[in-house]
Amino acid sequence: MVTAISIGITLLLVLLLARPMGLYMAKAFDYETTGLDKWFLPLEKLIYGIGGIRRENQTWKQYVLAIVMSNTVMILLVFLIFRFQGSLPLNPSGIPGMEPTLAFNTAISFMTNTNLQHYSGESGLSYLSQMVAIVFMMFAAPATALAAVIAFIRGMAGKPLGNFFVDLTRSITRILLPISFAAALVFIALGVPQTLEPTAVATTVEGAAQEIARGPVASFLSIKELGNNGGGYFGVNSAHPLENPNALSNMLQILLMLLVTTATPFTYGKMVGNAKQGRVLFVSMAMMFIVFLGISLTAEYAGNPALNALGIQHEQGSMEGKEVRFGVAQSSLYSVVTTASETGAVNTMHDTLTPIGGLIALSNMMLNTVFGGMGAGFLNVLMYTMIAVFLSGLMVGRTPEFLGKKIEGKEMKLIAVTMLFTPILILAPTALALFTNADTISNPGYHGLTQVMYEYTSSAANNGSGFEGLGDATPFWNISTGIVMFLGRYLSLVTLLAVAGSLAAKKAVPETAGTFRTDTGLFAAVFLGTVLIVGALTFFPAIVLGPVAEQLTLTP
Amino acid sequence: MSLFLISVRCTLILMLLFGLGYNLLVTGIAQGLMPGKADGSLIYNRNNELVGSELIGQAFADPKYFTGRVSSIDYNGAGSGTPNYAPSNEDMIKRTAEAVEAWKTDNPDVPVGELPIDLITNSGSGLDPHISPEAAEAQIPRISKLTGIAETQLADLVRKHTSGRQLGFLGEPTVNVLKLNLELDAKMNQ
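Quick mapping for you: the protein sequence lines, in order, are chains X and W. When we follow the working numbering, the leftmost residue of the first sequence carries the number -15, and every step to the right adds one. When we follow the working numbering, the leftmost residue of the second sequence carries the number 87, and every step to the right adds one.
None of these hints come from the bench; they were simulated from the model.
Short, incomplete list of chain W residues facing chain X, as computed with Cβ under 7 Å: (1) Ile92; (2) Thr97; (3) Asp125; (4) Ile179; (5) Leu213; (6) Asp214; (7) Pro215; (8) Glu258; (9) Thr260.
Note that the structure is predicted; figures quoted are calculated from it, not measured. Where is the CB? At the ideal position from N, CA and C, for every residue including glycine.
Looking at chain X on its own, in the form it has when it is part of the complex (with noise of 0.2 Å):
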């Protein structure tokens, strides 16, 4: 009863925050003059002006350009500070250089939003690496993502898709930084550290020695959650104590993973001048949340057979890998938001999760679709938007029209080649570590699938949490996993914007009673239809020898 309470509240403040945050968006990526400028213009006129960014539109050629050569030359710098970290300031644990393979991985990861990490932050990064590498990649990767979801969406309302630096430069003064730095306050208030002083060393009750990491962490906190980063400050991330210290900073922590992403749907209804077609999808993700929430709740209660069979009190449910102070309620509903919304920042360690827990942690990433993240998420939902609608278009016989635009051959064989990138960049490469490197990995039998297969999908997903028990910290899964999240990321970013672009050059064709409307319930099963078939078809059979084969060998 206590857990529906918890929960009901969460979501429900979820709720409450995403349309007036959806229409704070659609006002901040408008480039008339608004209300808003007195406050932020300042600040954006000194990047521009150092920037050297002049303020005009982008055609999407100009626009994907502009969005692979800025985030190349990030990737490059913060890798060249990963290298040197040891000879650089801010260092005060002596912290030594990256080896190449990983400084590699992790500055594509922290670019592609993906924030996998190989690494252990407390022994493997400076303060300066933290702060000056990991947070300014935190704010540039949403900030990325959240520029082309706005560039789609204006070409889709047939407006000028805008300019990628100028999107850049907004969605971090306007967004993620107003909301990180009012988040991280309070975060030190609920006891997150913030401090540029070394490991403390402390004499235990029984006189050893112990000692405690920290550092500037809340600051770190509130933008990985409100950017949809998901990498930890401290190796276990948001389960450290020091990194999620109760249920409050537990909570605010979910409310800033879901806060742009369930408000990008309304921030798309008002800038198309379709509220309810915004409205409509957000319903559909929001369905799909609330089955999968009850999935995971249900096996993590129910806990582990195995365990349960040593006759111990097991009332409180599975609890291997996670913390008392959460519970399975809290930590359940964290695994579910963090997959969901493509953080990755993890309360509870997703390894050792049950089988169907696992599941649905899996299955968020591989559809991406419900909710996703900051941005990416939501074109992915707009191409299976567009997917759906061409379907429904084939089984009436017209050729399909989407906010009066005609969906016609060139989208569609460009939506068709994105939709064969996430299944390839998944299954292609977890045959060839299973064949290659079946050495890594920690747990035997079929769990031993799912923790590679968890890895690439968190990878190409952009996700970046991990079963983490895999010995991932060697040059090949490095190479591998640091290819794809590029690929995962970067691909179909292209081929969607090349839609946005083809699509603001249509002529709209007048709405008449024929046409096929987007904005009812009717539509919404369709969509969901096409989801979750072309998922279940793409990834079944390697559920089936995963997770599944594993539930069905836990009994006692």
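Keeping the supplied structure of chain X fixed, place chain W upon it in accordance with the hints.
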């Protein structure tokens, strides 16, 4: 100006403003307003020696203390982590079975049916400062026998260090093991 140059200049200014500036600003405010929390909620004893952090668990090997969660890293706060055992992992099933046997020897007065699962499972961080109230209560008979402190007194102590759900509905009830043992320690030395 070429796209490359704009990219480099943008990157540098964003690094400076939002990498360095943002972090230092928040650090300055935190150190000015809430230094205790900002430094990691550290606990000092009467002689002003650091004994730990109220948010970080400690290893208690002596059975006269309350013990916390299983920690594969032995509560070394320089790092954090777990063995990441899958539910089907043989080593984990063996470890828990052994913990149950050890419980029977060390706590003959409390049947296994009253041993809560959080006491024999590894926490997510390896640094969990809490156990469930039931897990603390289950240890009272053993500690009373070893220290000579009455069970009712120990029960009072546990109650004192139990925190309910936050705002009445969020999270789980917890007992802070370090704070509980610090007070137990003071009682033993009286």
